[in-house]
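Here the protein sequences come in this chain order: A and B.
Just so it is clear: in the first sequence, position 253 is 253 by this note's numbering, and no numbers are missing.
One rule links them: number in this note's numbering = place in the second sequence (from 1) + 682.
Accuracy of the hints is not assured; some may be wrong.
Said to hold, decoys possible - Listed next, the stretches of chain B that the computed footprint assigns to chain A, with coverage defined by at least 3 CB atoms under 8 Å from CB atoms of chain A: (1) 788-799; (2) 892-903.
As the list claims (entries may be wrong) - Sample of chain B residues with no beta-carbon within 10 Å of chain A, all distances over it, derived: (3) Leu703; (4) Leu715; (5) Tyr727; (6) Ser741; (7) Pro802; (8) Pro823; (9) Gly942; (10) Leu971.
Claimed, not checked - Using 27 Å as the maximum straight-line C-alpha spacing, the simulated DSS-like pairs for lysine-lysine come out as follows: (11) B:Lys968 - A:Lys569; (12) A:Lys387 - A:Lys110; (13) A:Lys567 - B:Lys736; (14) A:Lys596 - B:Lys714; (15) A:Lys387 - A:Lys569; (16) A:Lys569 - B:Lys714; (17) A:Lys110 - A:Lys165; (18) B:Lys714 - B:Lys732; (19) A:Lys537 - A:Lys596; (20) B:Lys714 - A:Lys567; (21) B:Lys714 - B:Lys968; (22) B:Lys968 - A:Lys603; (23) A:Lys165 - A:Lys116.
Please keep in mind that the hints were generated in silico from the structure rather than gathered at the bench.
Note that this is a predicted model, so its numbers are computed, not measured.
Every residue gets a Cβ at the ideal spot worked out from N, C-alpha and C, and that includes glycine.
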Amino acid sequence: MNFQPAILLKASLCGYLIGAVGGLLFMRREKLANAFSFGAASLSALIGLQAALLVLGGGVGGPAPQIALLPSLIPYIQFTVRLDPLSAFFLLLVSLLALAISIYSLGYAKGFFGRKNVGVLGAFYNALLLATTLTFVADNIWIFLIAWELMALTAYCLVSFEHEKPETRQAGVLFFIMSHIDAGCLVLGFLLLFQASGDYSFFSLHGLGATMSPGKRDAAFVLFLLGFGIKSGIVPLHVWLPVAHPVAPSNVSALMSGVLIKTGIYGLTRVCFDFLGPPPLWQGVTLLTVGTVSAVLGVLYALMEHDLKRLLAYHSIENIGIILMGLGAALIFLHTGYPLLATLGLIAGMYHTLNHACFKGLLFLGAGAVLHATHTRNMEEMGGLAKRMPQTAFFFLVGAVAISALPPLNGFVSEWLTYQTLLRGFGATDSLWRLVFPLSGAMLALTGALAAACFVKAFGITFLAQPRSEQARNAHEASPSMRIGMALLTAVCVLLGLFPTAFIRLLDPLTQQLTGEQLSAQLSLNNGLVLGLLTDKAGTVSTLGLSLTGLCLLPIPFVLWLVFARKAKTRRGPTWDCGQRGLTPQMEYTATGFSKPIRMIFKALFQPRRDVQREYDFSPYFATNVRFESHIEEVFVERLYRPLRILILRVSRRVRALQAGSIHAYLLYIFLTLLLLLVFAL
Amino acid sequence: MNLDLPSIFAQTALLLLLAPLLSGLIKNWKAKLQNRRGPRVWQPYFDLLKFLRKDMVISEHASWIFSVAPYVVFVTSLSAGLMVPMVTAQAPIGLFGGALALIGLLALGRFFLALGGLDPASAFGGMGSSREMTIAAVAEPAMMLAIFPLAISAGSTNLSQIILASQGAEWKFLDPSHALAFIAMFIVLLAETGRIPVDNPATHLELTMIHEAMLLEYSGRYLAFIEWGVAIKQLVLMALLANIFFPIGLAAETTPAAFGLGLLYLAAKLLVLAGAVVLVETGNAKLRLFRVPDLLSAAFILAMLALVSTFLFR
Numbered sequence: 001m002n003f004q005p006a007i008l009l010k011a012s013l014c015g016y017l018i019g020a021v022g023g024l025l026f027m028r029r030e031k032l033a034n035a036f037s038f039g040a041a042s043l044s045a046l047i048g049l050q051a052a053l054l055v056l057g058g059g060v061g062g063p064a065p066q067i068a069l070l071p072s073l074i075p076y077i078q079f080t081v082r083l084d085p086l087s088a089f090f091l092l093l094v095s096l097l098a099l100a101i102s103i104y105s106l107g108y109a110k111g112f113f114g115r116k117n118v119g120v121l122g123a124f125y126n127a128l129l130l131a132t133t134l135t136f137v138a139d140n141i142w143i144f145l146i147a148w149e150l151m152a153l154t155a156y157c158l159v160s161f162e163h164e165k166p167e168t169r170q171a172g173v174l175f176f177i178m179s180h181i182d183a184g185c186l187v188l189g190f191l192l193l194f195q196a197s198g199d200y201s202f203f204s205l206h207g208l209g210a211t212m213s214p215g216k217r218d219a220a221f222v223l224f225l226l227g228f229g230i231k232s233g234i235v236p237l238h239v240w241l242p243v244a245h246p247v248a249p250s251n252v253s254a255l256m257s258g259v260l261i262k263t264g265i266y267g268l269t270r271v272c273f274d275f276l277g278p279p280p281l282w283q284g285v286t287l288l289t290v291g292t293v294s295a296v297l298g299v300l301y302a303l304m305e306h307d308l309k310r311l312l313a314y315h316s317i318e319n320i321g322i323i324l325m326g327l328g329a330a331l332i333f334l335h336t337g338y339p340l341l342a343t344l345g346l347i348a349g350m351y352h353t354l355n356h357a358c359f360k361g362l363l364f365l366g367a368g369a370v371l372h373a374t375h376t377r378n379m380e381e382m383g384g385l386a387k388r389m390p391q392t393a394f395f396f397l398v399g400a401v402a403i404s405a406l407p408p409l410n411g412f413v414s415e416w417l418t419y420q421t422l423l424r425g426f427g428a429t430d431s432l433w434r435l436v437f438p439l440s441g442a443m444l445a446l447t448g449a450l451a452a453a454c455f456v457k458a459f460g461i462t463f464l465a466q467p468r469s470e471q472a473r474n475a476h477e478a479s480p481s482m483r484i485g486m487a488l489l490t491a492v493c494v495l496l497g498l499f500p501t502a503f504i505r506l507l508d509p510l511t512q513q514l515t516g517e518q519l520s521a522q523l524s525l526n527n528g529l530v531l532g533l534l535t536d537k538a539g540t541v542s543t544l545g546l547s548l549t550g551l552c553l554l555p556i557p558f559v560l561w562l563v564f565a566r567k568a569k570t571r572r573g574p575t576w577d578c579g580q581r582g583l584t585p586q587m588e589y590t591a592t593g594f595s596k597p598i599r600m601i602f603k604a605l606f607q608p609r610r611d612v613q614r615e616y617d618f619s620p621y622f623a624t625n626v627r628f629e630s631h632i633e634e635v636f637v638e639r640l641y642r643p644l645r646i647l648i649l650r651v652s653r654r655v656r657a658l659q660a661g662s663i664h665a666y667l668l669y670i671f672l673t674l675l676l677l678l679v680f681a682l
Numbered sequence: 683m684n685l686d687l688p689s690i691f692a693q694t695a696l697l698l699l700l701a702p703l704l705s706g707l708i709k710n711w712k713a714k715l716q717n718r719r720g721p722r723v724w725q726p727y728f729d730l731l732k733f734l735r736k737d738m739v740i741s742e743h744a745s746w747i748f749s750v751a752p753y754v755v756f757v758t759s760l761s762a763g764l765m766v767p768m769v770t771a772q773a774p775i776g777l778f779g780g781a782l783a784l785i786g787l788l789a790l791g792r793f794f795l796a797l798g799g800l801d802p803a804s805a806f807g808g809m810g811s812s813r814e815m816t817i818a819a820v821a822e823p824a825m826m827l828a829i830f831p832l833a834i835s836a837g838s839t840n841l842s843q844i845i846l847a848s849q850g851a852e853w854k855f856l857d858p859s860h861a862l863a864f865i866a867m868f869i870v871l872l873a874e875t876g877r878i879p880v881d882n883p884a885t886h887l888e889l890t891m892i893h894e895a896m897l898l899e900y901s902g903r904y905l906a907f908i909e910w911g912v913a914i915k916q917l918v919l920m921a922l923l924a925n926i927f928f929p930i931g932l933a934a935e936t937t938p939a940a941f942g943l944g945l946l947y948l949a950a951k952l953l954v955l956a957g958a959v960v961l962v963e964t965g966n967a968k969l970r971l972f973r974v975p976d977l978l979s980a981a982f983i984l985a986m987l988a989l990v991s992t993f994l995f996r
């Protein structure tokens, strides 16, 4: 039984490899390369999904066996992976997303035909999936770090895929630098762990924190928080994310926002719950606070965007924050000795991880379809797309409702679990720290409401009203395979929303592994129709029940219609134009205008700069030409990163004196270094 | 799962019938207090009937969202109403969701209404949507935080449990955390139902409208559904405020007499609340839009103080 997932996993990894090689082989024949590489990716993803479901659906078993991928040729470096429940859960996530995105890509990549090399895109895409899957299942430090680096490099190549644009090149370089800072932090962190364990396998690192000195354990935590934090885009380490995600091809953006940033969440979960053992209070509080800050700032900056893909990228920061709120609360409960509540927090975090992958993947795919049809990412040039691409509009709307945490979709369920975790925290902590919980809860409410505002804007300005440009007027519906990819994720969002108790059962092995508790039985009430909190007294919700209630109530307005309004006629007419001669798209509300009140309320944070220039002939009241410019610079970029960059440049200018270009000087350096090392060694 | 079908039907009917009356009552009292005769208390029923019978004009720019929004607003308000205990302490579908789901459902209705406002390509609609979503964004954390002290002391987000917990204890209104949370919730109520000083339900002046601006392009039965849905939302929020902070008189037995008494208590509490709303509306001027966040952050701070006092007094 345990044998089967191993074979499936190997098959899936091989499939990605074949897809990558095939993409390169058929580089000259783009149609074949497209079909082969994305077809291979879809199949491998399906196989990976099967492996993950076998492990998670198999219930709680013994420790998962180690699987050797390749014979070890170099001592220490063993190519071993392990499909324990935590890895299997993230394998589920990557495979599910890869399946939908690969199907979508079959149609989407056609947009690059004749313009870019689709074979290369397919090859790197498969390589990225291979590296990500390996990162999730790696069983020792070496293979984890190799996969991590491979992931960063392939992702860099994909971000810079359209490298003829200067914006893309800059984004790629920023991504590259940040990826290497995070890899550096991870190497240091793993060195600290290795020092304590003396072994590279993850199995030997289990519960290691208890044997480490507090100083080293805390240092390791901080290093991992920095490293994984950069990857997952927590504030203030997020600056690369809203720059790099939008410039990549949309299928890659979906993969990056849906899955790649989750490698950071995987790493943090693995380190905090598996390696470091019982945590001190401050670690949990730190995660919770960082999560809260990321959630609020992420959504606030998202609201200010009118670039559709940048807006979505900022929402990833918000959702990573919400995930960390659940995980942080769980760590606090582990400290205060409430394993059941810790399990609840862990479930909330993991549920939101999967949910975010699904709806953010869906939204990026939708944005890709819009981009494909209108050739712009600027929302101010869109509009009226709901009539031109109705199915894409529907899929995007489902994603928008889900990400705004509105019932009955999946975002609501996981935020409901997060709220419940936070509310329980007040009673389960003594000392003043307990106030952190309801405050985070209130900030979660603020985040949810702002996200709803943001997606009214994103959907309303993009899809509703009149088209604001010629491209939007001539937009067309996405191709069938793109729609199938989006429909798949839409269905998953709905299912995860309506049947949470069925899904939570899959998390049982995972929570058993990390906290030693299983909650699915206690959370499922009334034959699993109601999601409840241990008892039906402590708070229940049933998204299925709510949807059915809504469906049962729906006949009321229709009966009213039949009874009273049978004779009423419906006709189409122009929108009220105040007696002018028709409305033009220029008179519509814009995305910038929509978020103006929020920009005003939070102006202390945004510090918007505006510049208005008027030209006039006779009187300033009759301007002939008005130029308006409004600009928001992120506070972290301005206050933190700019001084840092200046400092680094200044230091490196000094250091440059060492690099004289003379080979004699370099030989001297080598000699001196050797001498120094010898002195240390003695 | 055994659903109490009679109580679901009864509460649905109660929500549908009582909601217009409450709106009419507030309008009538407000007029009286301002030395006007004002519309009859029954006027909203006639308005709704009239709207239902009228022909509809749908903007040529609008998409299917425009037609879906009225139904979503109506159905979400009604479902939210079924989760609030009104006459008995047990809400008909309380098992399906408590305070969090209630807030979520109302937010879902608002989400679609705001989209419906943007759909006809009119600047008024966009303005209304933008303002509505902004105010909701500031009001929602205050509302959530005001419910937290109650939920924490009851150990549940289930509204019936919150009521039962405070019924069991002695009269708690003088408890500082209760009183502060009540004031915070009252301010949120004013904002959520579009009352002065946040929004003026009587205005049709372009630049001051919030809620009305979103409805400008709606006519006929769609307008009727939205108006009715919004009236139900107002009733739901007022009943919620009345019952979780003053949990007296809720029927405990299933006898007609107990139900009658519960209904009387509910009516009395709603009348008092409506009176308070009328007094606030008459005694204040509408705030500038950018002063509204100040008011709502005051509500937020009060709710925060309520929480801190829960911490201090326990």
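Against the structure, the hints:
no., hint, verdict
1, 788-799, "holds (count 6)"
2, 892-903, "holds (count 4)"
3, Leu703, "holds, 17 Å"
4, Leu715, "holds, 31 Å"
5, Tyr727, "holds, 12 Å"
6, Ser741, "violated, 4 Å"
7, Pro802, "violated, 4 Å"
8, Pro823, "violated, 4 Å"
9, Gly942, "holds, 26 Å"
10, Leu971, "violated, 7 Å"
11, B:Lys968 - A:Lys569, "violated, 38 Å"
12, A:Lys387 - A:Lys110, "holds, 24 Å"
13, A:Lys567 - B:Lys736, "holds, 9 Å"
14, A:Lys596 - B:Lys714, "violated, 38 Å"
15, A:Lys387 - A:Lys569, "holds, 23 Å"
16, A:Lys569 - B:Lys714, "violated, 38 Å"
17, A:Lys110 - A:Lys165, "holds, 20 Å"
18, B:Lys714 - B:Lys732, "holds, 25 Å"
19, A:Lys537 - A:Lys596, "violated, 43 Å"
20, B:Lys714 - A:Lys567, "violated, 37 Å"
21, B:Lys714 - B:Lys968, "holds, 19 Å"
22, B:Lys968 - A:Lys603, "holds, 23 Å"
23, A:Lys165 - A:Lys116, "holds, 13 Å"
Against the hints set out earlier in the document, violations occur for numbers 6, 7, 8, 10, 11, 14, 16, 19, 20.
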